[in-house]
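Undergrad: Single-letter residue listing:
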Amino acid sequence: MEKIFQKLSLSSASLVFIILMGIFITLFSAAKPAIDEYGINFIFNPAWNKEVAIDLPTSTSLETPSNSTLTDDDAIDDEDDMIEDEDDMMIDDEDNSETKTIYGGLVPIVGTLLTTLIALVFALPIAMGIAVFLAEIAPKNISYFVGIAIELLAAIPSIIFGMWGLYYFAPIVADLVGGYQVSLLTAGLVLGVMILPFMAAITRDSMNTTPAVLKESAYALGATKFEVIKDIIFPYSKVGIIGSIILALGRALGETMAVAFLIGSIFVLPKAINDPTISIPVAMANNFGEASGLGESALFYLALILFIISFAVISLAKFYFLKKAK
Amino acid sequence: MRLLINKIFLALSIFSAVVGLAFLGWILVTLFIKGLGSFHFSLFLNDLIDGGLRNLIIGQFILAGLASLIGIPLGMTAGIYIQEYGRGKYASMIRDLSDIMMSAPSIVIGAFVYAIIVVPTGGTSGYAGAIALAIMMIPVVINTTDNMLSLVPRELREAGIALGASKYRVILDIVIKAAKVGIMTGILLAFARIIGETAPLLFTSETSNYFSLNLSDSFPSLTVSIYDLANEPEESSRDLAWAASFILTVMVLIINLTGRYITRNKK
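These protein sequence lines are chains D and X, in that order. Oh and the first sequence: position 25 is 25 in the working numbering, straight run, nothing missing. Oh and the second sequence: position 203 is 203 in the working numbering, straight run, nothing missing.
Where hints are given, some of them may not hold.
What the hints assert, rightly or not - Subject to a maximum C-alpha distance of 25 Å in a straight line, what follows is the list of computed DSS-like cross-link-like pairs (lysine-lysine):
#1 X/K167 to X/K89
#2 D/K323 to X/K89
#3 X/K167 to X/K180
#4 X/K7 to D/K7
Worth flagging that the hints you see were computed from the coordinates, not collected in a lab.
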């Protein structure tokens, strides 16, 4: 019995390893056709679901050469033509000429990184303010209740943030900044609001690890609260705080629902901060159902890229910063 | 001067706290006004096809409940292994991997389950959705079990062993009992987390407009339906989405608060 239980617990533990390896292997093998087809250039190609002629000189394509020979270099200038291209594609379809559909990952990858960056820039100062407020400024009972409120807010399903963002927040932002309601900016800001409570809560926890003795000594020497925070708490908990920020960043990278409502979901590189675009999770959420063949494989390729990025980011946070903080 | 800088800094900090809380308060107020405005008791009695939410709420609970049935025993036994049996590199590697898995993008887990279950079985199903949620839940349960067991004093284990109990008896009868409250709280929080998940269900369980207990077919899901409804042009669909969001949030908050209440009472 003892042996059975031990074996059982060992196999449950090994399941974690198996699932993670399974995710990696499954994503890789499902992405294999796209990886074989595009290789690493996939990351730099901004075209998505775009038909191009296979044989340039002999093809009966109605497109202009610059559209049909879309390469990495001129592609970025080409976003404007995207919509026209789609019209062209329809004609191509009817022609049934020798075309193939190509998929590139640049747009969602850029969209993911930029929304995360905007979220971070927006959330970081506010989260730090809240953390300092909770850890050092607020009286104990206020800190306790606000702390619980923040933690509860971190538990609100992300889809709620998305809906609120689309119907209430985005119109205001669009009025202030101009541009579309669905854009990189509004998606990033709503993402920022979403990671705010999480970031504030774990940053506060890091700050609270500072020994009271250190703080009290500084106060006894006549330091102001600001000086204690700047010279005692921040240096002491710096590593932990950075780890917490990166962890929040990892969460923002993979967030689907809060972004899905707001980013606009079009495969076009944003030229300005208030242009609509797409991110990896949203590309998956919106296109998985309809995709097949190479298109589906390309989505798995994106999933693999996202998985690797977030794996790296989370490992960095957990094993470098947060371990060191302990 | 120093005092002035101090004042400015404190003011900034309080200001940012107020801004942050204002945003979050705004969301809650919106949710309550819009949600309560569209809320009606008949939502609990009709299915989505008749403009209600009954099938979705029940479906979401079945999915999350089934995920718990899979995830809790696996997560707990894995946590027990890490804390009680595992010594050395392997156990700490599993602990690290579980931490990473906890933060893995949920949509990627959806894609994984899609590839290993939905494609081979030929379509979306309640089972696939529950498995996706279980994968999300396992690392959270491992983490709680691991942490809570580490708080149980060594003396308790030694006392059990000294009485001649075998190790698994000591773990099941003494250690787990001592850590029960903490583990239960962790499990409730994990449950609250998965019941609000949308992304892993999008292409595993999908959703359904009809009441269904058939887990081998597309299964009604509250969150996925919120996403569908919110994107529809009709005002009535959106109102329904708000009502559904309101119900979902209240459920999540109640589960969360229950978890916290249990721990607080213990202390």
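Undergrad: Now tell me if each hint is right for this structure.
TA: These are the hints, each one checked on the structure:
no. : hint             : result
1   : X/K167 to X/K89  : 21 Å, holds
2   : D/K323 to X/K89  : 16 Å, holds
3   : X/K167 to X/K180 : 18 Å, holds
4   : X/K7 to D/K7     : 60 Å, violated
In this structure, the one hint that does not hold is number 4.
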